[in-house]
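Asker: Residues per chain, in single letters:
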Amino acid sequence: MRVELRNITKRFGSFTANDSISLTVEPGQIHCLLGENGAGKSTLMNVLFGLLHPDDGEILLDGERVSFANSGEAVRHGIGMVHQHFMLVPVFSVAENVVLGFEPTKSLNRLDHETARREIRDLSAKYGLDVDPDAIVESLPVGVQQRVEILKALSHDARLLILDEPTAVLTPQEIEALIDIMRALAAAGTSILFITHKLKEVRAVADVITVIRQGRVIDSVSPETSESDLAALMVGRSVSLTVAKEPVELGEGSLELRDVVVRDDRGLVAVNGVSLTVRAGEIVALAGVQGNGQTELAEAIAGMRPVESGQILLGGRDITNNSPREILDAGLGHVPEDRHRDGLVLSMSVADNLVLNTPRRAPFARRGTRQLAAVNDNARDLVQRFDIRTTGIDATAGSLSGGNQQKVIVARELSRPLVAFMASQPTRGLDVGSIEYVHRQIVAERNAGRGVLIISSELDEVLALGDRIAVMYAGRITGLVDSSTSREEIGLLMAGGS
Amino acid sequence: MSVSTLVSTARPARDRRTTTIGLIMVAIGLFITIAFGLMVPGWAHSQLTFDPINSAVHAPWHLGALTVVTRWSDVVLGLLAIALGVEVVLRHPRRALSRFGVTSVLFLLALLLWSSRTSGPASVNFVDLTAVLVGSSSLAMVLIYGSLSGVMCERAGVVNIAIEGQFIVGAFLGSMIESTTGNFWFATLAGALAGALLGWVLAFLALRYMSDQIIVGVVIVTLMSSLSSYLNLQVLTPYPQYNLGNLAPNVAIPLLYKIPVLGPVLFNQTGFFYLAVALIALVSFGLFRTRWGLRVRAVGEHPKAAESVGINVVATRYRNVVLGGAIAGIGGVAFMATQGQFQPGYTSGFGYIALAALIFGRWTPSGAVVASVLFGISSYLANNLQSYSIPVSTEVLNMFPYLITIAVVAGLIGRVRPPAADGIPYQRS
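Going line by line, the protein sequences match chains P and X. If you want the numbering used here, it's the 1-based position in the first sequence plus 10. If you want the numbering used here, it's the 1-based position in the second sequence plus 11.
Derived by calculation from the structure, the hints in this document are not laboratory data. Given the structure is predicted, the values throughout are model-derived calculations rather than measurements. Do not rely on the hints blindly, as some may be mistaken.
[As the list claims (entries may be wrong)] Below, computed lysine-lysine pairings styled on BS3-like, alpha-carbon distance capped at 30 Å: (1) X/Lys315 <-> P/Lys116; (2) X/Lys315 <-> P/Lys208; (3) P/Lys255 <-> P/Lys208; (4) X/Lys315 <-> P/Lys136; (5) P/Lys136 <-> P/Lys116.
Work the whole structure out from these sequences, hints included.
Answerer: If you want it as structure tokens, here you go:
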């Protein structure tokens with residue numbers, strides 16, 4: 011199907027998310043939409059899928075003008091979408107999820123489960139996407155859930171498939187498989203709109219790349235364009251994608267894990283006997299697909315989750331099951347995975363957030379009274395040193411962009427004496443410019459002789475930062491390799507191979 | 012090595028909770044066996060009669076009375092409870108919570124036998140079991156209306172705390188309309204409309220203005236209870252002809268009503284009872300067998316996913332909350348039609364007990380029915396303590412549904428999972 015967007019404009023209040031965007035997807039084309047977080051890619055796709063109504067502009071499918079009141083109509087016009095956050099009901103079966111909204115029925119409006127199952131099997135066979143129609147979605151691994159999401163998108167004879175950041179949760183092998191599926195679909199004539207901010211994937215799969223920045227189309231380029239050129243188009247200035255690291259003499263172990271076992275919220279063993287030593291002056295990057303116990307491990311190290319057995323040592327001192335405050339005071343710098351939940355109080359000022367973990371200590375408090383002058387001095391100093399873009403130190407943390415929020419946390423954690431520094435997903439959701447900045451700070455901390463533990467599901471980040479790379483799979487460390495190891499090998503380890 | 016052994020022997024939390032349920036059941040069983048059984052003198056008897064006395068219903072049978080030795084019959088009940096508990100501990104059946112419900116019924120039965128035991132070797136005492144069941148059934152029926160209303164709302168993702176308020180308005184209007192028209196159909200229609208209107212208010216504030224659903228619900232209850240007190244004082248007290256409190260007539264189902272004990276409980280009831288039974292079947296079938304139900308459940312679990320396939324989330328929620336309100340409104344009329352004259356505060360928290368039944372029943376119609384029956388019996392016993400000389404205070408028995416619910420919600424016994432989007436306002440992206 012030939013899809014043409016003409017001058018699509020979408021505003022939210024005074025903010026223009028899409029500013030007169032035009033683009034065309036030819037039949038059988040894989041068209042990549044590249045842009046930073048917040049550039050307006052998802053908004054544009056939600057407009058195309060009927061979830062949002064454009065303020066201006068038109069959509070043409072095979073030359074015919076259309077407008078969708080809801081996404082059901084978009085689906086009926088042959089548009090299928092695989093959402094970044096899966097649109098699957100976890101407690102429903104695969105079949106129920108795929109037919110939802112378009113259910114085959116018998117008399118009395120009864121669901122026709124038999125027909126639904128048969129439809130799924132036919133689709134599975136047609137596209138080579140194997141799933142059990144009766145499996146409950148929440149019991150399936152993420153890669154399979156995505157397969158269900160793709161099947162659902164294809165189930166109504168979709169001739170345009172929108173994939174919104176589909177690779178974020180996949181292992182490198184699953185990404186390979188997804189790319190194969192995309193190629194096969196395109197070869198059969200399906201048009202594909204592929205949204206991402208990952209440069210490698212874009213170059214691997216796209217026929218055409220359209221770069222979007224601040225709601226506008228910046229350029230359409232061919233996949234031969236180099237990664238650094240693409241990054242420059244995305245950000246609007248040239249960025250360095252690699253971080254220079256000087257050799258540093260390694261010291262003693264600054265953070266040691268010994269046979270650590272941790273349970274998740276459901277009481278299942280999530281970290282299954284992990285031992286790892288981070289020495290002073292090195293960065294250990296813990297790689298792995300989300301949901302293999304990294305989150306629970308980081309929470310346990312930070313004292314936010316009980317350690318069932320095993321030991322955690324910080325600079326040789328046992329901090330196992332100490333309270334978060336004791337652990338922070340003992341010298342652990344911690345950038346949590348979910349910065350909105352665990353890293354900041356969004357409704358409090360930047361200045362207050364910058365002393366969030368030392369509010370009762372001199373000079374910020376004396377005899378139980380806050381010393382606002384000291385708090386504000388500290389804030390002004392850090393805002394300047396860490397280049398935090400804010401309207402002022404009294405602005406709420408919630409008013410900052412994601413990148414600047416992360417800078418607030420990094421500044422807070424790095425501005426006090428540390429023994430070791432741990433950062434979970436330190437650049438998740440950040441734009442290329444902020445990533446560059448955060449990475450440099452992390453490397454500086456290593457160069458200053460601290461032990462650094464980075465937990466990341468971004469393979470690029472792991473490779474860029476890690477002196478050593480530990481791979482976590484199903485609650486265990488399945489490999490500890492040095493940074494010269496190839497992507498493929500680490501990818502295999504992430505998928506549970508050895 | 013230690014780690015792998017540790018992991019393989021460690022049980023998931025669900026299993027641990029199931030074990031806890033089983034152990035609690037065993038403890039209840041032991042308590043029944045010892046306190047209600049072995050500690051009772053051997054000469055004490057309990058007498059159960061099955062022939063309705065003082066009942067408007069003509070009993071076409073005569074079963075006589077069953078006299079049992081209190082000690083040994085309660086020991087048997089206790090051992091049954093222990094056996095069920097042991098089964099739960101050892102086998103971890105999927106329906107552990109419903110077995111817990113059975114144990115609770117055993118406990119109430121044992122309590123009944125124990126408290127009606129003869130006080131001396133020569134004294135006489137008896138319990139009219141049929142009356143107990145008939146009385147409990149009409150309370151259970153009201154709870155069923157309430158919990159089905161909750162199922163309708165919460166499966167679509169809206170918490171309806173206002174059930175109590177809908178009961179009150181249903182009972183108030185029900186009494187007024189029935190008194191003036193002499194017709195229960197009109198009363199039912201009025202109750203349904205008023206309940207639906209309150210449901211619409213809840214939906215409007217929750218869906219249009221994204222207000223906190225719990226707070227809106229509590230406000231509705233408070234408003235209705237105050238308003239009904241005021242109107243009672245201003246209208247019903249000076250004009251008692253508007254509050255006759257006629258009871259709905261029983262409709263006996265030919266032949267079936269003659270079955271001993273079960274007949275009066277199930278087949279010689281008011282129309283409201285049969286309507287409740289029909290609603291159970293209808294809601295159950297609708298939610299789990301039809302396209303409508305699949306969509307409602309999708310809206311309650313993952314509204315964004317529902318929206319992404321073209322389902323109108325807000326309209327679905329409106330529809331369900333209004334329908335749920337209507338059901339609770341009819342429940343209020345049913346309460347009035349079985350308990351008599353409207354008085355301020357006489358629904359006495361039944362709306363909340365219905366919510367407890369909904370949670371104990373895990374947000375399913377069938378589970379809610381089982382819980383409603385259990386809580387119906389306990390409420391009946393609480394209201395009629397003197398007649399059965401149960402030496403427990405009303406307040407303690409009235410705590411029963413809430414205690415069970417707290418234990419369930421806290422995850423002490425079993426684990427319940429509400430619809431994932433229950434109570435969360437939905438905002439289109």
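Asker: It remains to establish, for every hint, whether it holds in the given structure.
Answerer: Hints versus structure:
Under the criterion of a C-alpha separation no larger than 30 Å, the hint pairing X/Lys315 with P/Lys116 is consistent with the structure, at around 27 Å. In summary, the hint linking X/Lys315 to P/Lys208 is supported, as the alpha carbons are separated by about 26 Å, within the 30 Å threshold. Between P/Lys255 and P/Lys208, the direct Cα distance comes to roughly 23 Å. Compliance with the 30 Å bound is thereby established for this hinted pair. About 28 Å separates the Cα atoms of X/Lys315 and P/Lys136, which keeps this hinted pair within 30 Å; it holds.
Taken as a hint, the P/Lys136 and P/Lys116 pair is honoured in the structure, with Cα atoms around 25 Å apart against an allowance of 30 Å.
No hint from the list above goes unmet by this structure.
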